[in-house]
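Sequences are here, hints too, so could you generate the full structure?
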Amino acid sequence: MRDNDDGSGPERRGRRIGWPNKAYGTNERKRGNGMAYTYRPATEADVQALTDIYNAAVIEGGSSADTTPRTVEQRRAWLESHREPYAVFVTEADGDDGNREVVGFSALSVFYDRAGYDGVTDLAYYIAPGWRGRGVGTFTLSSLLDEARQRHMRKACGIIFADNAGSIALMRRFGFTQFGLMPAAATDSTGTMRDMSYWYLDL
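Read in full-length UniProt numbering, the sequence shown has 32 at position 32, and its numbers run on one by one without any break.
Accuracy of the hints is not assured; some may be wrong.
DEER-style ranges, computed between Cβ atoms [claimed, not checked]:
# : residue 1 : residue 2 : range
1 : Ala45     : Gly98     : 15 to 25 Å
2 : Val72     : Asp94     : 37 to 47 Å
3 : Gln150    : Thr43     : 14 to 24 Å
4 : Met193    : Gly95     : 32 to 42 Å
5 : Gln150    : Ala36     : 40 to 50 Å
If you are wondering where the hints come from, they were derived from the structure by calculation, not from laboratory data.
The beta-carbon is built from N, C-alpha and C at its ideal position, and this holds for glycine as well.
Here it is as structure tokens:
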């Protein structure tokens, strides 16, 4: 799913209104496809994992309009650009060695930098390649929507390549409505020109 803001542009709007810097479901374990996943706010310690997961998607193509991998510094700036009520989160699971590892990340970002759009959030999520098809995406999007509601967002929007079947299936599963299609809107790292689809959900 889309996430092409590397944080290097103008600072994006966020309102500091006293919400705690935490996920409302922090430390709560949920079950996803037979595995226990947890969801929490991303921290500085997660920047390398955020970079690795995102760059894997960029290089693969089909889910990001970034055409080259991002640096750790760019991902750090992107993370720091999210001010409350907007935020970045990570999904964790037990790795093969038994230790918890970051297997995906997601974000509530500013939809458009004008005051009248407050309460509308742009969703993004990416899953580590080895963890796709294991329920991580469903768990992550469900948790992200819970966060959006707890933070009193009124609409959630997703901007997705029209041939990204996995993300579009999740949009439909969670009740999103498609409200637009832009033909030949953007290329990815493979040089493929792709249509862009636009989705929203009333929260």
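Checked hints:
Taken as a hint, the range 15 to 25 Å holds for the pair Ala45 and Gly98, whose Cβ atoms sit roughly 19 Å apart. For Val72 and Asp94, the Cβ-Cβ distance of about 25 Å falls outside the hinted range of 37 to 47 Å, so the restraint is violated. Remark: the range hint 14 to 24 Å for Gln150 to Thr43 is upheld by a beta-carbon distance near 19 Å. At about 37 Å, the beta-carbon gap between Met193 and Gly95 stays in the expected band of 32 to 42 Å.
In this structure the supplied range 40 to 50 Å is violated for Gln150 paired with Ala36, their Cβ-Cβ distance being about 22 Å.
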